[in-house]
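These two chains come separately, so use the hints to put the complex back together.
Line by line, the protein sequences give chains S and B. At position 226 of the first sequence (counting the first as 1) the number is 225 in numbering that gives the first Met the number 0, and the numbers step up by one without a gap. At position 92 of the second sequence (counting the first as 1) the number is 91 in numbering that gives the first Met the number 0, and the numbers step up by one without a gap.
Since the hints were made in silico from the structure, they are not lab data. We put the beta carbon where it would ideally sit given N, CA and C, even for glycine. Incorrect hints may appear among the rest.
Partner residues are not named here, just some residues of chain B that face chain S (Cβ under 7 Å, in silico) [what the hints assert, rightly or not]: (1) Met100; (2) Val106; (3) Leu108; (4) Leu122; (5) Pro150; (6) Leu154; (7) Lys228; (8) Leu232.
What follows is each chain in one-letter form.
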Amino acid sequence: MNDISEAFATALQLLISFDPALFEIVGLSLQVSLSAVAIAVFIGLPLGAALALFKFPGRGAITILINALMGLPPVVVGLVVYIILSRSGPLGVLGLLFTPTAMIIAQALLISPIIAALTRQVVADLWVEYAEQMRSLGSGRLRAIPTLLYDARFTLVTAVLAGFGRASAEVGAVMIVGGNIDHVTRVMTTAIALEVSKGDLALALGLGIVLIGLSVSINAATYSVKQRAEAVWT
Amino acid sequence: MTNTTPIAANDSASEKETHAASNSSILPLRVSNLGFKAKGEDLLQDISFELHAGPRTIIMGPNGAGKSLLLRLCHGLLEPTSGTVTWHSNGTNAASMKQAMVFQRPVLLRRTAAQNIDYGLKLRNMPSAKRAQITDDVLNRTGLARFADKPARLLSGGEQQKLALARAWALNPDVLFLDEPTASLDPAAAHAIETIVQTMHDEGTRIIMTTHDLAQAKRLADEVVFIHKGRMLEQTPADKFFETPQCGEAAAFLRGELRW
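Chain B extracted, bound-state conformation (with noise of 0.2 Å):
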């Protein structure tokens, strides 16, 4: 922002909407003694951490150990049994309005590609100009432009995913979590869906994302947090982590012989 002159009273609305848009960041991301029991069982136990806008953050660990859950917890898609989760701004509605999320499998509507896209913004109450806007650059943004009226469920799984993605990508959000999305892809439908990763990353969407695969954990991440049986071992700079993990568990994972 440039604007240095004070706010006149009939201009404070549209000041308002760019400040909202430029850096009124929904980060950093608390959490803190987060648990969650299900079943009588402790799934997940005294987590805390915090993420801050920057780094690509991956989730580590191995089968089990809680990674997606945490996602989910983090998201607001499930609700903790103990601790909380916290984002930097006041109503609850507009943190998870500057979110969004990538499955392992992707759930599409049954409509077109474009539709699909379409949908997400729908929901954000954005005018039909500007939804069929954005929903054109995105799917050309992610080479699923030739699939735009075609029924999003034809595609293949890894185009879907791309969608899946496109879908995230059209709205725009501060922080994106990706929950193992490319681990029903093959190689090269996983370095397209990489690719885009990358790309949301270099324009400042927060990535958190988790996976159990080691060489891709190496290319994207930033920073580890590893699991291990529902509890957090180390959230470490991932260069470190790589090659000096703080926890015997964590070099045991990186080995390939975790015992479980």
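One chain only, chain S, in its complex shape (with noise of 0.2 Å):
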């Protein structure tokens, strides 16, 4: 009880002082997970709508195996990314291994799955709709797709978010391909561990509090603006 009253406290007052540390923590973060989450977009996407449209030997299998990726544990992201960017794996000589570049490339194989799968859900289903329409008026099914994802626009907004919270939440990946080393590649899920280990329950407390605030926050805009603009679309 005293650690909650206390963890309060604490985040407070690293809020209110403007704490550098803290705020260089949550930058990094929010400049890790969202990279992740615009790369994720702009291969999740196109993918997951192609799956929806095109029909292919072994669609069936992709289908199932991304769906599967969505449960993908960061550890096992992180560990396969540490092995392709240490000094010996394949792409050692680029030295990006304990860079954010490298968490940001763990992250967005890490939600990339959650997007797409999401995506082809969604595609899929308004395809259903539109299909004779769009064939009708002339629209391959590759002209379809740009039209398809923005038509589904608001829907997909959840598909990213989802991405989104997977990536902020996560530590096992960027503990792993970044190091948690202190102003590089320190952001605040591997600092609350970190903080943990050394037993300071309050400040990662704290930390926590914070990255919970961030992320109803983000999902809380997110939410009015969809519902404003659902209301008026659909």
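Pasting the structure below:
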């Protein structure tokens, strides 16, 4: 009980004092996770839409695989990226290990399947409604991809938020490929893990509260925009 | 075309364009021995007819006769399992670009009314200034101008169907397929749709439409193709069809007592 009230006090104190160390960590967290989301959107939206629209041998298998990858353990992704980026790995020469770039790569790999799988479902449902009309207007399946993604935009926001939630909350992948180096690769989740192992539960909880607060505000903002837009466009 | 001088090499391209726009219609449509099978069941069998430029054709028949299916096969949305659908043109691509279809339930994009029309034109690779002009024009002619910037899906059912028809009109098709376009509309909205269809017919678009509304068929039909249980039983000029139908099934259908 004491820990919790102390944690709130710590969190509040960190926030109102504009603690530069805290803001550096929060900033890097956002930078890494938002970059990963941007990359995953770039991969996941077209991939999911293509899986929904094109029939080809192996489509079922790929769909199952991508759905299964939604539950990919972050530590495993971190490990694979670690092996690839380590000195002796295939991309070792790039010297990316223990940099924010490595963390972005790992998180993008982690959440691309989430965004692709959710997009596939949304676009497949919309295509059922649109297919005949679009073919009548002269649109091929390839040309239909941007149309369907645009028309499903409000539903897809949820898919993107799911990806962002997963990225900002995970600790396993960024810990392994980032290394939790102070001022370089330390993000909120790895900082929390560190403070817990140091025994500074109040600071850890304070960071946790900031993390949750951020996540809630991003979701709340998106939700209200989405609600208003959906009322008009569906 | 009044241009009788020999075509010079440098203006042959523009000549071709005007020519294509004015009189290289994709008609006549030849349907021969058309059949469609799904899950081992013959839904349409041995359908043959020709549709030439001019009259409005109404495809009639009881529910489940295969009317909508026949439209979809003619429009190329489905591949026949036997027989052929042939348009008078060389590439199939060109033929599909000169057709449009309005469905029983309008499928509108989640965009404004104007953007819905613009979208169809964009798929025809039309430059944006021309698209804007055509969009304005059809919105005005269908009485939808005041809804131009309104989300299409907030329009009433009748207005949505009008918009779907406007979108088809904007494409200036040689042939317009309509699949029970007024089946779920009130009489006033249905009348508005009929008026637009009539105008398009007057301007030279070939109308091919299904309906099971007898009064509407009598108002719109120049000729009737009657289908029953997946077979075409007659193709008859409208006045003749409604007075002395050729087959017993059509007579029963007109009396409202067709056995299923």
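Just pull the numbers of the violated hints for me, sorted ascending. Of the numbered hints, 6, 7 and 8 do not hold.
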